[in-house]
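Residue numbers (our numbering), protein chains in the order written: chain A, 1 to 349; chain B, 1 to 349; chain C, 1 to 349.
Simulated from the structure, these hints should not be mistaken for laboratory data. Keep in mind that the hints are not guaranteed to be accurate.
[Unchecked claim] In silico lysine-lysine, DSS-like type, Cα no more than 30 Å apart, as pairs:
(1) B/338 to C/325
(2) A/325 to C/195
(3) C/310 to C/325
(4) A/325 to A/338
(5) A/310 to C/310
(6) B/310 to C/310
(7) B/335 to C/310
(8) B/325 to B/310
(9) B/325 to B/338
(10) B/310 to A/310
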Amino acid sequence: MDKILTLGRIAEIVGGELRGDAAVEIRSVAPLASAGPGDLTWAVDRQHAARLSECQASAVLVGSGLENGHLSAVVCARPDLGISDVLEYLMPPLPHPPVGVDPTALIADGVTLGEESAIGPRVLLQRDVAIGRRTKIHAGVVIAAETQIGEDCIIWPNVVIRERCRIGNRVAIHPNTTIGADGFGYNFDETHFRKIPHIGTVRIEDDVEIGANSCVDRGKCSETVIGRGTKIDNLVQIGHNVRIGENCCIAAHVGIAGSTELGDLVTLAGKVGVKDNIRIGNRVQVAACSCIAGDVEDGQIVLGIPAKPKSEFFREHLAARRLPKALDDIRDLIKRMKRLEAANNQETS
Amino acid sequence: MDKILTLGRIAEIVGGELRGDAAVEIRSVAPLASAGPGDLTWAVDRQHAARLSECQASAVLVGSGLENGHLSAVVCARPDLGISDVLEYLMPPLPHPPVGVDPTALIADGVTLGEESAIGPRVLLQRDVAIGRRTKIHAGVVIAAETQIGEDCIIWPNVVIRERCRIGNRVAIHPNTTIGADGFGYNFDETHFRKIPHIGTVRIEDDVEIGANSCVDRGKCSETVIGRGTKIDNLVQIGHNVRIGENCCIAAHVGIAGSTELGDLVTLAGKVGVKDNIRIGNRVQVAACSCIAGDVEDGQIVLGIPAKPKSEFFREHLAARRLPKALDDIRDLIKRMKRLEAANNQETS
Amino acid sequence: MDKILTLGRIAEIVGGELRGDAAVEIRSVAPLASAGPGDLTWAVDRQHAARLSECQASAVLVGSGLENGHLSAVVCARPDLGISDVLEYLMPPLPHPPVGVDPTALIADGVTLGEESAIGPRVLLQRDVAIGRRTKIHAGVVIAAETQIGEDCIIWPNVVIRERCRIGNRVAIHPNTTIGADGFGYNFDETHFRKIPHIGTVRIEDDVEIGANSCVDRGKCSETVIGRGTKIDNLVQIGHNVRIGENCCIAAHVGIAGSTELGDLVTLAGKVGVKDNIRIGNRVQVAACSCIAGDVEDGQIVLGIPAKPKSEFFREHLAARRLPKALDDIRDLIKRMKRLEAANNQETS
Chain A
1 MDKILTLGRI AEIVGGELRG DAAVEIRSVA PLASAGPGDL TWAVDRQHAA RLSECQASAV
61 LVGSGLENGH LSAVVCARPD LGISDVLEYL MPPLPHPPVG VDPTALIADG VTLGEESAIG
121 PRVLLQRDVA IGRRTKIHAG VVIAAETQIG EDCIIWPNVV IRERCRIGNR VAIHPNTTIG
181 ADGFGYNFDE THFRKIPHIG TVRIEDDVEI GANSCVDRGK CSETVIGRGT KIDNLVQIGH
241 NVRIGENCCI AAHVGIAGST ELGDLVTLAG KVGVKDNIRI GNRVQVAACS CIAGDVEDGQ
301 IVLGIPAKPK SEFFREHLAA RRLPKALDDI RDLIKRMKRL EAANNQETS
Chain B
1 MDKILTLGRI AEIVGGELRG DAAVEIRSVA PLASAGPGDL TWAVDRQHAA RLSECQASAV
61 LVGSGLENGH LSAVVCARPD LGISDVLEYL MPPLPHPPVG VDPTALIADG VTLGEESAIG
121 PRVLLQRDVA IGRRTKIHAG VVIAAETQIG EDCIIWPNVV IRERCRIGNR VAIHPNTTIG
181 ADGFGYNFDE THFRKIPHIG TVRIEDDVEI GANSCVDRGK CSETVIGRGT KIDNLVQIGH
241 NVRIGENCCI AAHVGIAGST ELGDLVTLAG KVGVKDNIRI GNRVQVAACS CIAGDVEDGQ
301 IVLGIPAKPK SEFFREHLAA RRLPKALDDI RDLIKRMKRL EAANNQETS
Chain C
1 MDKILTLGRI AEIVGGELRG DAAVEIRSVA PLASAGPGDL TWAVDRQHAA RLSECQASAV
61 LVGSGLENGH LSAVVCARPD LGISDVLEYL MPPLPHPPVG VDPTALIADG VTLGEESAIG
121 PRVLLQRDVA IGRRTKIHAG VVIAAETQIG EDCIIWPNVV IRERCRIGNR VAIHPNTTIG
181 ADGFGYNFDE THFRKIPHIG TVRIEDDVEI GANSCVDRGK CSETVIGRGT KIDNLVQIGH
241 NVRIGENCCI AAHVGIAGST ELGDLVTLAG KVGVKDNIRI GNRVQVAACS CIAGDVEDGQ
301 IVLGIPAKPK SEFFREHLAA RRLPKALDDI RDLIKRMKRL EAANNQETS
């Protein structure tokens, strides 16, 4: 971190209002709990703001009405977005290959390279691959025949993309991820599994980001689709023929089995498993470590194994915690019942 | 998809009986719900077949007795296998490296290459590696010393296979997978973990397929074994000394801990976790997201965390759903009990 | 396995006491159940030792007081450590690149290479990377600008390490693992996700081992930290800003979400998920397939989804198994209650 910003400059960057000393120097950004001199911190709510008086930061980015006199501040509508703006300014340059083709890259016949694209060392582009303008392909990436990649993409090192895939603009794919491997499909033929050929492909729309060491399998006879703006974390499995909508958020270790569809704005927290051939509606939210075994309607918040609506889950979950006591109650009731029955029998006899 | 098949040719390919126009042209294959003109679809049961009348496909592959008059059809015993046959014909050529050794591949002393094998760009074959006939090794693959790979295998890009492993014939290993890394074994030595050397290896038998970004660890002092015909999906972890039988089917994100044994024809659905040092019998089936904590006998269907037999799981699962109501019942019983007891006491007093 | 050790030599290696024939030849090591002639086996407790009489091994390494007359033996305090010593002697050489720089490696300006370091084929070291003495960088590894790696490390093939990371001494990172990719962080900006720049890094301390196909994300504005001596298995996800203490043990498929802290000596079994922004205390142990949703105090043993203390988990788990019977009891109580109430009403009427 060699760059330095003054607080005055930060007010300009985030389009905020300066409260305090414009000359304060900011070298980095840090959360409230660990910020020290030279750091800019941020506070998005009253709870955060209450802790500012103990904070050692040099300045704070706060929402309107949250500033206190303790620290020099910049007030802005969305401190979370403002911090991202500041981080962008502080960020050292990314280690992209320079524009042009590294002499160790292998470029087959029919490849087209957009203006200002950057093809790193030891990249392999097979025949008829197309790379868009300003796209960066890092070292060791393998892109198979006829795959097309749009503009302003970043394909990080050692990613493998199989043949005939379509990747949009401003897509980032992190290291060691595999796009377009065969789906996991077999017919059982009396004594053994017989592979189903996968002639389909993968389509990744604009503004998608896919983490490291993830897998998106190609379709059996059509496309596996990742919709525009969707963000996928590390170590995620997307099965063949899956169709994911726009602006979904899919955390690490999620697995989505074949031919399932997700709507738009779906959030799957870490380690969620989703059954094959089902439909998850728009704006559905699924808690971590859940397993979805059937269709989920628009807007539902679900959790559990198998996943159920939040209210139902918590009713059953709380009930389960009261179960040991309930079993004692039952034992007690049986005893008292016997006593009463005995007393009644005596009376009536 | 540039290939075109006539329906008459498809009847020959699948060994089926033509019902309708032999000249119908088929360009691709699609499931009932999305098939359109130029597509061949398929129907394997009465439920499927009932939806054929609304289907826009140009023709259908159906089981005997399921054809209706609506679409030109080919009747065959196993439409699912027939579709695979057709997909094989329609499949564009795979992007394999050409036969021979790419000039950028590094081939150490003592390596033997079978006839018609294909060694792609930037492959590293360390000393004494043996590659069988017609086997294809894709770009960026690293195979360490003394490993042997059989005939007709496909090792996709950027796979890493460590030293002294044995891989059979017709094995496919998808991109970015790691075979033969050290097992996760340490002795705790008072204040720290001390690594246990792993001098064992991995043996992968004929006709195994392993997905992308998966890991098969080497044995501690013997072999980790993947039995003949077993199919493994993406992002799967197979621990050291694990022994998997024949024709098993292991879905994405499954993890099998060290020294566990699986019989033949075992099915583990996605995200199943299996404890170390246990035995899973033949033909066992495990539902997605289950965790197996002990031995499972032949033929069992198990699920849950920890996994239990299906009937037991569902009995407890249904009971759990009735628990909130049961707690109300108990509260009510206690109230009524008190009332009765009070009444009885009054009488007897 | 071409090396042969005599039992006498083994007694020297492990610092143990010979009981039997010093000339017995040992070719390999095997557990009790599968050991045969030429093998050394081991027994760490009475249960193990009881099975020695049926064992076909040529000799046994046993704890004091456990030897029986059946097999030639070496007695030592910790047979588990002794076996590791023997495995180290039997281990064939690892397939490391030779000392020096492979002619196909790409070494940018400002890179420093320690004495006796070994840089394998097709490695890419970007500008200002520093590699310590005797460290081995295997084929296909990509290390981005300004990253520093200590002494005696092993970076296995196709690992990717992003810019500005700090890696200590005696660290091993297995194939296809990704260190320092961007954390999964976005701000939702009305209609879409906006990427949060990740200007932080990763710090991996001395004696850490990280398995194959795992991911350690870089911090947002500070470091993601893996503490000294911690061991991480395959396919593990460590989120941005996570801080893991010393000598932790983290099994396959574990995922730890952003900004969470682990103390020292924490054990996470396979497939454990850990929520973001929480604190796991020292010496905490978590059972396989658990999901930790809140802070855990020092020394706790927890399990379940969500994880709870062991005693609480088992009380609820056992209660759940008794629930179907309890529901029958309730039905029965209700019936009997009605009967009693009817009888009482008759009396009082």
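In rising order, the numbers of the hints this structure does not comply with: Of the numbered hints, 2 and 7 do not hold.
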